[in-house]
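Colleague: Sequence:
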Amino acid sequence: MILVVLEHDGTRLRKGALEAITRARGLNAIAGSVAGVLIGENLSAVAEEARKYVNALYIAEVGPYTAEKWAAAAYAAQQKAGAQVVVASGSRQGRSWTPRLAFKMGAALLEDTLETSTDGSKVIATRYSFLNRVTEKQAAALPVVITAKPNTTPLAEPLGTEGSVEALSVELPAQQVEVLERVVEQKKGVSLSEATVVVTGGRGLGSPEAFAKVEELADLLGGAVGATRAVVDAGWRPYSEQVGQTGKVVQPGVYIALGVSGAVQHQAGMNKSKYIAAVNKDPEAPIFKIADYGVVGDVHQVLPALIEAAKKLKD
Numbered sequence: 001m002i003l004v005v006l007e008h009d010g011t012r013l014r015k016g017a018l019e020a021i022t023r024a025r026g027l028n029a030i031a032g033s034v035a036g037v038l039i040g041e042n043l044s045a046v047a048e049e050a051r052k053y054v055n056a057l058y059i060a061e062v063g064p065y066t067a068e069k070w071a072a073a074a075y076a077a078q079q080k081a082g083a084q085v086v087v088a089s090g091s092r093q094g095r096s097w098t099p100r101l102a103f104k105m106g107a108a109l110l111e112d113t114l115e116t117s118t119d120g121s122k123v124i125a126t127r128y129s130f131l132n133r134v135t136e137k138q139a140a141a142l143p144v145v146i147t148a149k150p151n152t153t154p155l156a157e158p159l160g161t162e163g164s165v166e167a168l169s170v171e172l173p174a175q176q177v178e179v180l181e182r183v184v185e186q187k188k189g190v191s192l193s194e195a196t197v198v199v200t201g202g203r204g205l206g207s208p209e210a211f212a213k214v215e216e217l218a219d220l221l222g223g224a225v226g227a228t229r230a231v232v233d234a235g236w237r238p239y240s241e242q243v244g245q246t247g248k249v250v251q252p253g254v255y256i257a258l259g260v261s262g263a264v265q266h267q268a269g270m271n272k273s274k275y276i277a278a279v280n281k282d283p284e285a286p287i288f289k290i291a292d293y294g295v296v297g298d299v300h301q302v303l304p305a306l307i308e309a310a311k312k313l314k315d
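Heads up: the sequence shown at position 50 corresponds to 50 in the working numbering, and the numbers run straight through without jumps.
FYI, nobody ran anything at the bench for these hints, they're computed from the structure.
Treat the hints with care, as some may be off.
Under the rule of at most 27 Å between Cα atoms (straight-line distance), these lysine-lysine pairs were calculated in the DSSO-like manner [said to hold, decoys possible]: (1) 312 - 281; (2) 213 - 311; (3) 213 - 274; (4) 104 - 80; (5) 213 - 314; (6) 80 - 52; (7) 274 - 289; (8) 314 - 274; (9) 122 - 137; (10) 80 - 137; (11) 122 - 104.
Using the sequences and the hints, build the whole thing.
Modeller: Here is the structure:
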């Protein structure tokens, strides 16, 4: 049995959950059918969707998120299912609790994988290393915990049948972390980690007001807004939009860098995007070394032209 821990927002499965299901299905030759587990609170709505993708679904109502509770719930589901493989999204949340689960299981941990396959009784995984500049292969014997790097795997389709649903009893650990308050960011449009188009602004934009046009372009393209660390440190944009080694790692189909110099720390967060387009007045900017398309020019002149072109395409 393979167990997938299904990330969700309380009403629907996240994109990362559907990617994790696809990964799990690709390993069924070594570990059998696919079960899923939903962890959190008030899970009845998302359970109706989730049961369409797995052969069996476990429900663990454990309250607000902490890494300790998620690891305990995932372990309870793994034990119940007898799963030798557990797959989860390599999101920021997923990276926080999966090491705890691997320790509980006495399992190998294959993190942030690009793809996975089987070789006899082993799982083979490919992942980036050295700031995403090289790839490496790793092999692990069962049991194993796997996280799938976001935006690297096709989304799973429903099975056509609905899996069984079972409530799970979870023995929670002694409470070491208490959730005092939850602040949910109210953000319109697609999330940065799930976007197929990302439009990122850098310090070259000159002011926080200039991001109004970055938002406009992203909206026209159905994408999300990103920002560099310098922009976030200056207080122009929230940390949730930071792309780079100390921010989010994105891999969209199209990445547009506006006024971004492209230091290696920023490249580590976006250099595996399918197509990269850059606008910068400095022809020696590092971003041009990895860009598929580059415009050397004033971003304040080029950006309005991009917006007008996007409007024509949309019309």
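Colleague: Against each hint, give a clear statement of whether it holds in the structure.
Modeller: Hint-by-hint comparison with the structure:
1. Taken as a hint, the residue 312 and residue 281 pair is honoured in the structure, with Cα atoms around 25 Å apart against an allowance of 27 Å.
2. Taken as a hint, the residue 213 and residue 311 pair is honoured in the structure, with Cα atoms around 13 Å apart against an allowance of 27 Å.
3. Between residue 213 and residue 274 the CA atoms are separated by roughly 23 Å; this keeps the pair inside 27 Å, and the hint holds.
4. In summary, the hint linking residue 104 to residue 80 is supported, as the alpha carbons are separated by about 14 Å, within the 27 Å threshold.
5. Annotation: proposed proximity of residue 213 to residue 314 holds, straight-line Cα distance about 16 Å (limit 27 Å).
6. Taking the CA atoms of residue 80 and residue 52, the gap is about 20 Å. The hint holds against a cut of 27 Å.
7. Of the supplied pair hints, the one linking residue 274 and residue 289 holds, its CA atoms being roughly 15 Å apart against a limit of 27 Å.
8. Taking the CA atoms of residue 314 and residue 274, the gap is near 22 Å; set against the 27 Å cutoff, the hint holds.
9. As the CA atoms of residue 122 and residue 137 are separated by approximately 12 Å, the hinted pair is consistent with the 27 Å bound.
10. At roughly 31 Å between alpha-carbon atoms, residue 80 and residue 137 are farther apart than 27 Å, so this suggested pair is violated.
11. In summary, the hint linking residue 122 to residue 104 is supported, as the alpha carbons are separated by about 20 Å, within the 27 Å threshold.
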